[in-house]
Every structure is written in C-alpha cells, then in structure tokens.
Amino acid sequence: MSKSLVIGVSTLVLCAAVAAGAPLTKQRALAIMHERHEGMEDIGNKNKILRRELTKVSPNLGAVRAAAATIARHSSEASHWFPAGTGPELGKTGARPEIWQRPQDFAGKLRNFQAAARALNAAARAGDLGAIRARYAALGGTCKACHDSYRSEMHH
Amino acid sequence: MKQRVWDLPTRLVHWLLAALIPFSWWSVKYGHTDWHIWSGIAILTLLLFRLLWGFVGGSTARWSSFVRGPRAVAEYLRGRWVGIGHTPLGALSIVALFLAIGVQVGLGLFSEDEDGIYAGPLSTLVSSDTSDQARDIHELWFYVLLCLILLHVSAILFYRLRGKRLTKVMITGRAELAPGTAPMRAAKWWLAWICLAIALGIARWIVAGAPPFGP
Chain Y
-6 MSKSLVIGVS TLVLCAAVAA GAPLTKQRAL AIMHERHEGM EDIGNKNKIL
44 RRELTKVSPN LGAVRAAAAT IARHSSEASH WFPAGTGPEL GKTGARPEIW
94 QRPQDFAGKL RNFQAAARAL NAAARAGDLG AIRARYAALG GTCKACHDSY
144 RSEMHH
Chain X
3 MKQRVWDLPT RLVHWLLAAL IPFSWWSVKY GHTDWHIWSG IAILTLLLFR
53 LLWGFVGGST ARWSSFVRGP RAVAEYLRGR WVGIGHTPLG ALSIVALFLA
103 IGVQVGLGLF SEDEDGIYAG PLSTLVSSDT SDQARDIHEL WFYVLLCLIL
153 LHVSAILFYR LRGKRLTKVM ITGRAELAPG TAPMRAAKWW LAWICLAIAL
203 GIARWIVAGA PPFGP
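Protein chains in written order, with the numbering used here: chain Y, -6 to 149; chain X, 3 to 217.
Just chain Y, same shape as in the assembly (with noise of 0.2 Å):
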C-alpha cells in the first residue's frame, strides 16, 4: 500500500468522525451501555418502591424522598446515557434504533421525563402528598411516553 493512500485513507476516516462528533470506542459505548442498563433498572425499582409507597393511606416520606431523589439524579445522568452506537447494534440493549433515528422527539421525551423527575423531587422534600402523588403520576406518563416508542423488551 503506498504511503499517500494510507495518508488518504486516514484523513477520511479522521474526518468522517470529527464530522460524526467524538466516536466512541467499543469498550467506552459498552461501558455507557451498561452504565445506562444500571441506571434504568434502578429507576425502575424506586418507581416500584414508590408505587407501593404512595398506594399507601401514609406513606413513608422517608422512602418516597429517597426513591424520588435517586430518580432525579439518574435522569440528569440520562442525558449521557445515548450516544449514538450504543444501540442494539453494538449489544444486547432495551434501547431500540428509534432513538437515533428520531434524536430530535426522543431529546423531548428525555426532556420531560426529567423535568417531571426533578418536579417529583421537589414535591417530595415539601412533603404535600397530594403534591407527591400528583408528580408521580405525571412522572409515571413520561416513562410511559418514551418507552412505548423507544424501548423493546430485554430479557437478562
């Protein structure tokens, strides 16, 4: 292979993924992926604890606040968590292609889960119940919203 090729060929590929943004290496996308796998499935279970909590005639505020806060902090780290070539073609993932193929409906999506995760906690250190349970129930649509079109099932 002559030296001008190599030089060619490597200025290609260099631009192709400056113009891509900073690509990811494979070992760097699987670490996010299964940072964002963690990251969910705790999410899923402080919703669960919340659920069971506030189905409750008094709950326990100590729980709902604790559940509420690590969701809110997790969403903000969600904001990392979809790069793009951490999809179901690089490994086994809940996240389906949508997402990149839609980037722009799924940022909105993010955006409302997280809005509605940091409202939860706000109502959750105030302590109105009624406030509480108001929140989640809209925290509850936004999972909703966004798992309908950008999650498939992941059986582990």
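Derived by calculation from the structure, the hints in this document are not laboratory data.
As the structure is a prediction and not an experimental result, all values here were calculated from the model.
All residues carry an ideal CB built from backbone N, CA and C; glycine is no exception.
What you were told as hints is all true, and nothing was included just to trick you.
Keeping only pairs whose Cα atoms sit at most 30 Å apart, straight-line, the calculated DSBU-like set for lysine-lysine is:
#1 Y:Lys102 <-> Y:Lys19
#2 X:Lys31 <-> Y:Lys137
#3 Y:Lys102 <-> X:Lys31
#4 Y:Lys137 <-> Y:Lys85
#5 X:Lys170 <-> X:Lys190
#6 X:Lys31 <-> Y:Lys85
#7 X:Lys170 <-> X:Lys4
#8 Y:Lys85 <-> Y:Lys102
#9 Y:Lys49 <-> Y:Lys137
To list a few chain Y residues with every Cβ distance to chain X over 10 Å, as calculated:
#10 Thr18
#11 Arg66
#12 Trp74
#13 Gln107
Got chain Y; can you put chain X on it based on the hints?
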C-alpha cells in the same frame, strides 16, 4: 329435532375466553400492557361468573353434572357412557383449563412489569420481589395454559375426524340427540344476571384495591 345442549351463558363464556386469551397474549406481546391488564380483569370476571353459573346454571353447565370420578372416566373410555354436555374425560380437561386460567389471572393480579410502570391491582399487597416473581411465573404459566388449549383443540379435531361436530354445538347450543337422551334442563334466565352482577362486583372490588384487597 335438535335439542338444547349448552345454554347461552355457558356458550358466551366459552367464546369470550376464546377471544380474550389470544387478545391477552397479543396485547402484552405488542406493548399494550394496559389493554392486557383490562383483558385479564375481564377474564377474571368471566371465571367468577362461570364458577357461580356452575351451581345455578343449566344442567350441562353445573359442576355437579360433569365433575366425575375415575370410574366414570373408565366407563366412558369403554364406550359405556351416555349423556349430553361434558364427557367424564372432557370434564377433566375443562376443570384443568378453568384452574389453569384461574392461576394465570391470579398471578397477573399480583404482577408488575419490569419497569414498575404497569401493575396488577393486587401487586401492592406483596413486596416488589414477590411481584416480579409473580410476573416471571405468569410468563411461564402461559405455556402450561397453551398446552391445555392445544389439547382441547386437538380433542375437538379428533372428534371431528370421528364425525362429531362439537364446535357448531358450542355455537348454536343445540344438537341432534340419540333417542331417549334427556336434553339440557335450562336454568332461570335471570339467575345469569345475578351471577353476572356478583362477578362484576367482586372484580370491581379487586380492581379498586378495596379491603381486604387494598391498604
């Protein structure tokens, strides 16, 4: 002359189950978990209704008329059974199906989905771990149900090959009976409405998570 074999409530329960069970499978498979839950509650209502109808319904619908011992099954297999409605052998399949659907609905009531977004109406009575386990078994139990349904359909095909058209009788409720065979004794029609009212009431009560089904 064709005579009555199955009353209308029994046939309706049968065909609604035949529609709702596939619908339940389809709806959860394709992400309509909310429909799946409502379908399950409808099936619960049908089971409750059928349970009650088995005590006061038409003669062929009654548990006491078709739940028989092993001796009756053996007699039937030797070809020495005469009558209408479930045969002693078929009755075993019916009871197994009824119980299996009941188990499936019961598991569903306590289940929650992986993400904690959807939950059966009784899931909050148990821990999250128990709820998740109930869902896992609910998913596996479907295959038990599927085997029984396949057995049921195979038996109907088997009889069809031997010249007995059972499906049509389950649709029209009437069949040509051998001379001397007593037809179905019908129940009072309004008893069906009372059974339905009780079944709806209990199902509604469970859905509402009212005591003892709630906090």
